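Next come the chains, spelled out residue by residue.
There are 2 protein chains.
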Amino acid sequence: MALSKNEIKYVKSLHLKKFRQKYNNFIVEGDKIVRELLASSDFQIEGLYAEENWLATHAADLSLSSAQVYAVSPTELERISTLKTPNQVLVIVRQPTFRFSPDKINSSLSLYLDEIRDPGNFGTIIRIADWFGFPYVFCSPTSTAWTNPKVIQASMGSFLRVQVHPVELSDFSSIAPSLPILGMVLGGKPLPQVPKPNAGLVVIGNESRGISASNLQYLTQQVTIPRHPQGGAESLNAAVATGIICAQWGIE
Amino acid sequence: MALSKNEIKYVKSLHLKKFRQKYNNFIVEGDKIVRELLASSDFQIEGLYAEENWLATHAADLSLSSAQVYAVSPTELERISTLKTPNQVLVIVRQPTFRFSPDKINSSLSLYLDEIRDPGNFGTIIRIADWFGFPYVFCSPTSTAWTNPKVIQASMGSFLRVQVHPVELSDFSSIAPSLPILGMVLGGKPLPQVPKPNAGLVVIGNESRGISASNLQYLTQQVTIPRHPQGGAESLNAAVATGIICAQWGIE
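As they're listed, the protein sequences go chains A and B. My numbering numbers the first residue of the first sequence as 195 and each following residue consecutively. My numbering numbers the first residue of the second sequence as 195 and each following residue consecutively.
Same shape as in the complex, but just chain A (with noise of 0.2 Å):
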């Protein structure tokens, strides 16, 4: 059976923002990453469109799930699709509520990103995250949405296990009074100088302005990795400078 003219608009209405709000849900592709999010509890689908082969193949795991399955010609992932090259299968997931427990909060280490823009950026910092075992990410609400596709895609799958949510920096001093806040800024101490935090939030700003101005009052110690006396580059990727100030701190 054809996908309807109805369900198509539906689907493709899930590209933007405003509808994945509006639904409160968002679209997860591609064979690997569908496979692991079918094998985890902690989220619900809502419909999985798919080839032919591959809902052969994968009969067994969609036993237990509640989706909506819609089999698909490649014609048609095409149209829903939001990969230049669609791999096999789409689906809808609800977006999860976020359940944080204080106790990790504030005995573990957890990213906050001020404002991160692109979508690639946000995606492999959820990838490292999850590498490092920090169990959050936040993000400022003017932050690209994680459920944006590209962020999703980017993130490898990492986001079915690091939980990601949107929240302003100044709710810590209530949700986490004592939390020592690290920002990685320019001209702070150098990272080998810092000692190494057993919990904290670690802050990364814009990828051209840092952190804003605003939050830079809430900082409890500026973090900065020392460029080599030869080096020229301005700065570093987001991205880039995440993992390095992970790698340091949350390696045992």
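In case anyone wonders, no lab produced these hints; they're calculated from the structure. One should not assume that every hint holds.
Just so you know, same-sequence chains aren't split out, so a pair can sit in one copy or run between any two.
Only pairs whose alpha carbons sit at most 16 Å apart, straight line, appear in this in silico EDC-like list of lysine to aspartate or glutamate [what the hints assert, rightly or not]:
1) Lys203 / Asp312
2) Lys383 / Glu245
3) Lys199 / Glu270
4) Lys278 / Asp225
5) Lys226 / Glu428
6) Lys383 / Glu446
Just so you know, these numbers come straight off a predicted model, no measurement behind them.
Got chain A sorted already, so can you dock chain B onto it with the hints?
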């Protein structure tokens, strides 16, 4: 004077690797990078295409250059640009000759990219090398060409200071026979346990497949960035892994 059809066709041909190779040049775009380029003596500019306003402001910088200068309309710039949003000026640059010093290779850390395919990763890695003062980024001939406009863009001007050169890894047995060759793999020695090398080649593998089987034999040390015991991601992004290893070994 409007650009002729042939002039437009010529610049557009350089969007493709084939023609960049044929004419031995490449495209650099945007106000900031072009200003840096004009200030550098290592690059020869063949043609400069800029909007009137930009030309009026930068006439003094241009007087020292032997470039052919074209005043173009925003519409013309859009036609020849590689960017979605062109930024005032585009230049065509001669490919520089790679000049290396064996002494410098033998006394510093350099990178070797084994089939890096993503231009964003490639450019970000050149930027990392620049930040940490690595003089050379070598790459396999199978890697994306470093003159790809997206590599140039992602390097944020760092290609002006770091020399990039395609060469087989096997050639280092004659270029620098005693140079340590350290490769990032899964299941190698944990990074914190590897003594910081004073000189060496750090090999970064392909985004999906890692270091190729045929190149593994040249590694004198296999290195791994340890994943947290509770971590879930299967791997780190190639540029992020590069940043972590450069920070570990490149900070004084």
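Against the structure, the hints:
no.: 1; hint: Lys203 / Asp312; result: neither (26 Å within a copy, 32 Å between copies)
no.: 2; hint: Lys383 / Glu245; result: neither (54 Å within a copy, 42 Å between copies)
no.: 3; hint: Lys199 / Glu270; result: within (11 Å within a copy, 39 Å between copies)
no.: 4; hint: Lys278 / Asp225; result: within (15 Å within a copy, 30 Å between copies)
no.: 5; hint: Lys226 / Glu428; result: between (37 Å within a copy, 12 Å between copies)
no.: 6; hint: Lys383 / Glu446; result: between (22 Å within a copy, 15 Å between copies)
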